[in-house]
Amino acid sequence: MRTFRMGGVHPADKKISKDAAIEKLPLPKTVYISMGQHLGAPAEPCVAVGDKVKVGQLIANATGFVSAPVHSSVSGTVKAIETVKDLAGKPSKAVVIDVEGDEWMEDIDRSQDIVREIKLEKKEIVDRIKACGVVGLGGATFPTNVKLSPPPTATPTCVIINGAECEPYLTSDYRVMMEMPEQVLIGGTILMKALGVDKCYIGIEENKPEAIKKLSALAPHYKGVEIVPLKKKYPQGGEKQLIDAVIRKRVPSMGLPVDTGAVVQNVGTAFAVYEAVQKNKPLFEGIMTVTGDCLENQRNFLHRVGTPLSFIMEYSGGVPEKASKIISGGPMMGKAVVNIDAPTLKGTSSILYLTEDQTKRKAESNCIRCGKCVSACPMGLEPYLLNKLGRASLMDELEQHHVYDCIECGCCSFTCPAFIPLLDTIRQSKAAVMKIMKSRPKK
Amino acid sequence: MNTLIVSPSPHVHGKESTRRIMGDVIIALLPAVLVSIWFFGLSAIHLVCVSVLACVVLEYLIQKFLLKGKSTVGDLSAVVTGVLLALNLPVCSPWWLILIGALVAIGIAKMTFGGLGQNLFNPALVARVVLLVSFPVLMTGTAFHAPESGYLFGNSDFASTAMDAMSGATPLGFVKEQLAKGVAMEEIMATPGLSYTQLLFANMGGSAGELSAIALVLGFIYLLCRRVIKPWISLSILATVFVFAGALYLGNSSRYLDPVFHILNGGLLLGAFFMATDYVTSPMTTKGQVIFGIGIGVITVLIRTFGAYPEGVSFAILIMNATVPLLNKFQPKRFAEEAQKK
Amino acid sequence: MNTTIIFTIATLAILGLLLAIVLYIVAQKFKVEEDPRIDTVESLLPGANCGGCGKAGCRAFAESAVKEGLGSLHCPVGGNPVMQKIAQALGQTIEEKAPQVAVVRCSGSCDKRKKTTVYDGLATCSAIASLYGGDTDCRFGCLGRGDCEAACKFDAIKINPKTGLPEVDEEKCTACGACVKTCPKQIIELRNKGPKGRRVYVACRNQDKGAVARKACLAACIGCGKCAKTCPFEAITVENFLAYIDYTKCRMCRKCVVECPTGAIHEVNFPPRPAAAPAAPAQAKPASEPEAKKVDIPVEKKN
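Protein chains in written order, with my numbering: chain A, 1 to 443; chain B, 1 to 342; chain C, 1 to 303.
Any given hint could be a false lead.
[As the list claims (entries may be wrong)] Partner residues aside, some chain C positions facing chain B, computed with beta carbon under 10 angstroms:
no., residue
1, T116
2, T117
3, D120
4, L122
5, I128
6, S130
Hints listed in this document are in silico derivations from the structure and should not be mistaken for laboratory results.
From a predicted model like this one, the values you see are computed outputs, not experimental measurements.
A virtual CB, placed ideally from N, CA and C, is assigned to each residue, including glycine.
Full structure from sequences and hints, please.
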């Protein structure tokens, strides 16, 4: 069985919410649709206060090449366009809509039928994906149409669909594969057509045997699609690691993944692509997991973008008493929630409750030079050294030791027996070094 | 709702901790300790207890009163040093010798450098070497004698036969002595007490930890299974000794010891499994570790064969410890590097 | 006598002598000719190598001063006396610069600003700032992890564990600006020391609306603008709900200090006010909570 060839750790699986079928979350009274839902330039609102909007109506335009439009997730009246605090408490512009009924745009195909025939042409597909505001749902929320328009220097050879879901606890991708397997496969086929390639791999970790079985049974009906079972190892779902695992090619330092010929898209993105292209449905819904060992009922929800997290928490039984940390995303790379009233974004994949025992960091002790961080680093860096250099602010040395290669997966901090917050320092150093490198005149 | 904890990712930590690792090393050393207790009873218990106690207490006192910092005895590293020190001393070492050893190990080799993780040299080995140089008579050869109180339990007949035959010296010391007298190797090897079986299960010379090769191998396997250490250092030491000593042996079998004897004897296994693999004083990367091991192997055989001392593992490891900062310059293979070459 | 000892000493002595000669010749041969004035200037400088002048160190300052002239170069550590000496040595004239000092513009001490989350990561301000607004509700305020303290080469700024805020030792502070550069929240500002070290400044950076700022911190500037209206010298501007006192215009009348409803305007090194003076609420009774809450009323009116 394939996996990436360097480093990695084995955090406990904890997919406790995997058997909870996706439920439709009820509509909140008010949604706060953020303009910064994606990586890149924030979108610019094109509605005014007092406007009536329908579900799926465009409410903000993309403002650059790396940007994405935003659509209304509800029907109702635009109440305000103001700054709202995101989950880290940082202010960002948002369109606030009071929900009235649930009236969808007429051109969205709301039937349950699976549309298999792909009518659109290559260029039309990319344009549709762009117009529907589809972004990568694996975490980075990079606009999908940008990934589908590779620079002329690179020739794509295959699509890799990321069904690894290597983060513990998260099950939203798994639920998508279990409940919408054909849509995912069609999505993969659409992506192949958009890129003009004839191979699509779907990488799934072995801890999801049912998903592997389900998709493998359907895959033969789709030309060029191959299911690739992967050994369970974190961070398998990292773009660079997944490419290495599936097609044994490595993304060069500071290079683009497409330099290896592979274009990686998340399972959720493939589903969103299917909906955008076949159903003309913009991306305004997302599938998210609400889970945690201290939570009584594990849930998977279909939420409308802009729903306040507190609404979802309330609906799913309230914040458990024991919970001390709320994370949006997985425990390895997710973000700690500061503001529970923050709205969901397109890329919101979970609310995870952790107790103090599970998450409180232990006091840091001396580095015993065990080298476990070096063995765990999937990028082949030396975290202990980067940490030392970083604390001494030795920028040149940090650059020589390739701190910019760090993918911030957290394997080093996870494994360190001395509880040194390696990634915390490395992340700071990386940002500082990248800033210096970018400010340098190009040769 | 609790006040929310906020931190950068990752939000969970693995099971690893310094304490757990040290605990594993202690468990891995248990077979060797038990073997020495089996044969020497009270005196072995005395040795281990005094050594461990001295190390822990010294570390605590130094941190509390000299450095005025937080005590870290809870991480068990002082216990590991204590056990290793005990295994590196002759069973009948007097208490003051053990105490001096502990003082050198903890006080000089560990704390002066800044405590756990900062020391350049393996504390237990520094202590052993200091004692070896300062008290050669106690540390080698005749130091090994049956305790006057007799054995608590265990096989006294077995031990005394072997001892009588070698007049109390360690096997390597005995061989070296005989070679110096001009006795041919074949004759020396015919001495009872030098058979492989005896070496494997219980050779009666040397330090407490060098008694049984099997016990040491058991501990090593445990460490590997628990993923505490990687095998590269140990294997490269053993392979180097085997090849180097083997070459000498093939060249002149009546002058040089055969390689298996080299490996099974003296502190080589103890050194290769437990001393050279000490995290703090060994290189980080596989490449560095292999070079480190080869260096130790070569120096060991050189000292054993051509040097003044019958045993050279401690010296070899300490010499190679000094090269670790240099060997750490070997960077691991980078993920992105290979792609660039393509 | 033991000949070995004599022999050893003799050998070593000769060896030493030979090597000294070699070293001397090499030093002479490869000597770099430099303007001797650079050395002179460098010897006049305090030698702190703090980088406060904008150059890499004192040597770089000296080189630049000799080669390009003093211009706007200024050594904050040495201050005017040192600069005058250097100007003299170089035969140039320079203007006197008002001595400056680092000022901490946050008064959200632990009792005034409640912690709303528990930060559990690397304990540096920069790490917190890159993650979120901070462990209180004020995202403009001091994070209290002491990046400034670590940056200070003169031991002049220290976090007071009681208030959780940095305090500047005016005697030691050289106004090199290292803390100003390192503070991720731009709390610290270099301000003129003022006559007899007297200064009036707004100790707050909160740019949220008054009500929001007030909720996060009892000592926050709520942008009510009273100070600006009171100021007879137009030294105070209010922008983004935050007042700022221009130290070049301020004449230290201290009317604003009395006027400020939250006590966000600080005065330092003034003699104590006469007891009969009109109530100076927050400054006189900084810790009394009910008093502070009473003055909350004008907040809502203003916003």
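How the hints compare with the structure:
For T116(C), the interface hint holds, the least distance from its beta-carbon to any beta-carbon of chain B being 7 angstroms, beneath 10 angstroms. The closest approach between the C-beta of T117(C) and any C-beta of chain B is roughly 5 angstroms, which is under the 10 angstroms cut-off, so the hint is satisfied. Because the closest C-beta pair between D120(C) and chain B is about 4 angstroms apart, less than 10 angstroms, the hint holds. The restraint placing L122(C) at the interface with chain B holds, with a minimum CB-CB distance near 7 angstroms, inside the 10 angstroms limit.
Below 10 angstroms, beta-carbon pairs count as interface contacts, and I128(C) has one with chain B at about 9 angstroms; its hint therefore holds. Hint on S130(C) holds. Least Cβ distance to chain B is approximately 8 angstroms, under the 10 angstroms limit.
In summary, this structure violates none of the numbered hints.
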